[in-house]
Structures are given as structure tokens and as C-alpha cells.
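Now for the letters of each chain:
There are 2 protein chains.
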Amino acid sequence: MTVHIPVRRRLDDVALDQLFREARTHNAWTDKPVSDETLRELADVLKMGPTSANCSPARIVFVKSREAKEKLKPHLSEGNRDKTMKAPVTAILGYDTEFYEKLPKLFPHADARSWFAGNPALIEETAFRNSSLQGAYLILAARALGLDTGPMSGFDKAGVEQAFFPGGKVKVNFICNLGYGDPAGLFPRSPRFAFDEFCTIA
Amino acid sequence: MTVHIPVRRRLDDVALDQLFREARTHNAWTDKPVSDETLRELADVLKMGPTSANCSPARIVFVKSREAKEKLKPHLSEGNRDKTMKAPVTAILGYDTEFYEKLPKLFPHADARSWFAGNPALIEETAFRNSSLQGAYLILAARALGLDTGPMSGFDKAGVEQAFFPGGKVKVNFICNLGYGDPAGLFPRSPRFAFDEFCTIA
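Protein sequence lines correspond, in order, to chains E and X. Last residue of the first sequence: 202 in full-length UniProt numbering, with the numbers rising by one and none dropped. Last residue of the second sequence: 202 in full-length UniProt numbering, with the numbers rising by one and none dropped.
Isolated chain E, as found in the complex (with noise of 0.2 Å):
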């Protein structure tokens, strides 16, 4: 088998800025729309991402019509719910509880669905840790397809777990704006840690 595989450089410095280092958590929204097109893309891209034993267990919903807004707002804590009704697009982002059940699909060569069938800890903390990845890649993809992002968690789980996943299967892990972001609403940056305080080489 012939695997494709292109050469990895370094990237240049306006992608690692636009990335990560000058990349911000924006407050305020301009009112340039988000086309559902972008959220496809956006999802192609961050489903790339790996997780473990390809378990991909996010389920996202992209808010976006006034309806579903009017639905996510009582759950919204009054710190988020202002720039959360205001921006173009609200990713709730979601869990299965039951992904091992498409792992025959997404691990086929392995019997991965009996690893977790039964063990509910296992289940959640697989969930928990690997949709967080893929949070972390919605973010990620978002700023490489030039959006803004605006994460939060804070909300009501349970409000929000019983108006857009019903049923109980799907638990909520975090929310996050999309939108293009207008730096006027922007708070200074904060202090990160230096390298010492956070890592070791051993």
C-alpha cells in the first residue's frame, strides 16, 4: 500500500500567530454572516483531528437561526448572553455516551466496541477526554479557516443537555461562539506561565 503523505515544514509566522500566538477569545461579533458552506468545512477539517481508537465521540450543533438562539438563551449564564446572542453561530459542543456503538464502523479492524460495552467510567472518560480534543480542534480549525472563536463554559448543562440533545444519550461539554470577531470587544491578554512552570525535559 502507497501512503500519501506530504512533507511537514514548520509553518510561517502569520499562520502561527493566527493560530496561537496573537489568536484572541473574542467578546464582541461583527455582523459578517458564518455560510453554513464554513460550518461544513469546519467540520471536515476538525474530524480530522485524532482521538483514541478513532472513537470521535463530539456531536456538535451549530446554533445559528434565531429560534434555536431564543432556545439555547435561559441557559446562558448573564456573563455569556449578551455576545452569545449577538454572534452568528453558537457550536454547542456535545458527547455520545454510546459512540462504541459506531466503532465497528470507525475502528474496523478491531473488535474496540467490547473494550467499552459495559464499563461505564471507562465510557465517560474516554467521551470526556476525547470530545475535548476535538473541542480543542473546532477552535483550532475555526481560526485556520480565518473565524474568530469564543469558548465558554459557562451555562446550564442540564438546560442545555434537555433543549438541543433530548433523550439522554448526548451529555454537553462545552459552548463556543463563532463568528468574525470585532477587536473592540477584546479584554487585555492574560499572563501565561514560563517554561519552567509548566514543563520539564527529562
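One copy or two, either will do: identical chains are not told apart, so a pair holds if it fits within one copy or between any two.
When the alpha-carbon atoms are kept at most 30 Å apart in a straight line, the in silico DSS-like pairs for lysine-lysine are as follows:
hint : residue 1 : residue 2
1    : Lys-157   : Lys-169
2    : Lys-157   : Lys-102
3    : Lys-83    : Lys-102
4    : Lys-105   : Lys-83
5    : Lys-73    : Lys-32
6    : Lys-69    : Lys-83
No wet-lab data here; the hints were simulated from the structure.
Once you've looked at the hints, dock chain X against the given chain E.
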């Protein structure tokens, strides 16, 4: 206050391929080493990714020396042992269960420490979610710098914690080989979901 915020554009296809679409989890490694300078730049890039209240719970050991690799070896699952011993670097991604003690430095404009202190369930959830995000930033920052990655969950967590984070304050989330991959060791790409299998536009 003036905030510098560069213009954001869609990255080119070479960058999207390298970060996501053509990137692969590697199992075999060339002899090319990873310098300490590269690991320091990797940390400087990944730490800029967003975490809730800038809590930055990840604590990372880059296992590089023969001695440290031998300390890791007995805790690896059999399927991960050889490839990990041959990787130039293995990052152990931990999370600090006392991360909130650093919030007066990391989030100085609010008393964020008090949101967490004495609430072990919220501490664990926040540390696990946000260190997982930071693990994804590690993977994508490494790819952005031209490195290949091999993230893994197959190891003895308690053993790795005792060997590399003695004292119990830091827990292990996952580990990730870093280096320059040999395409000969790649498995075929596993299938991904179609848009409608994991996303909805509401």
C-alpha cells in the same frame, strides 16, 4: 488601550493539510532528533491556546533521555512499548489538581481561585477538560512546527504518575510521542463521519 490583532484569513491548503487533513498518527520514527529549543518553542506556542479562566492546568514532562525512557518503559502497554522507546521524545501530559492556586497570577482581574477551592468535582472536571484541550494544542502546535505526533492512552496511569509526578498532586491525562515520522510505519487512515452523522445546523 490598543490591542494588536492581525487580519485573519483562511490558511492555505498546505497548512490545512499539514495540521489536519493529511496529518497522521505516527508509529515509526526517523533518527532525526528533537532539540530542546524545539520543545521550548512548542511549549511557547501551545500555552497560548485558550483554557477556561486561563486556568492552564497542563503539566508536561518531555521524556527524552535514555534513563527517563527506561523509567517510562514498564508502564507502557505492549502495543505502545517499542514505538515509544524509539521515539525521540515522549510527552507525558499531566494536569495539576491544585491548578486554582495559580489563578491569582493567571487570571488576576477576579478572585477565580474561590470558584474552585473546596469543590473537588469542579476541580477534576475543569482540570481534565482543559488539560485535554491543552493536549490537543500540543498535538496541533507540534504539527505546526513540522513535527509528527503519536498520542496514546494505552499505559498504566498510576505507574506513570508515581514515576514522573510523585506526590499525587499531578494526574496523568495521556502521553504523546514526538519526532519526525517514518511513513513506512503508518496504518491506513480510519474512516470519519459524514457531516450529518455528528453535526446539525439549527
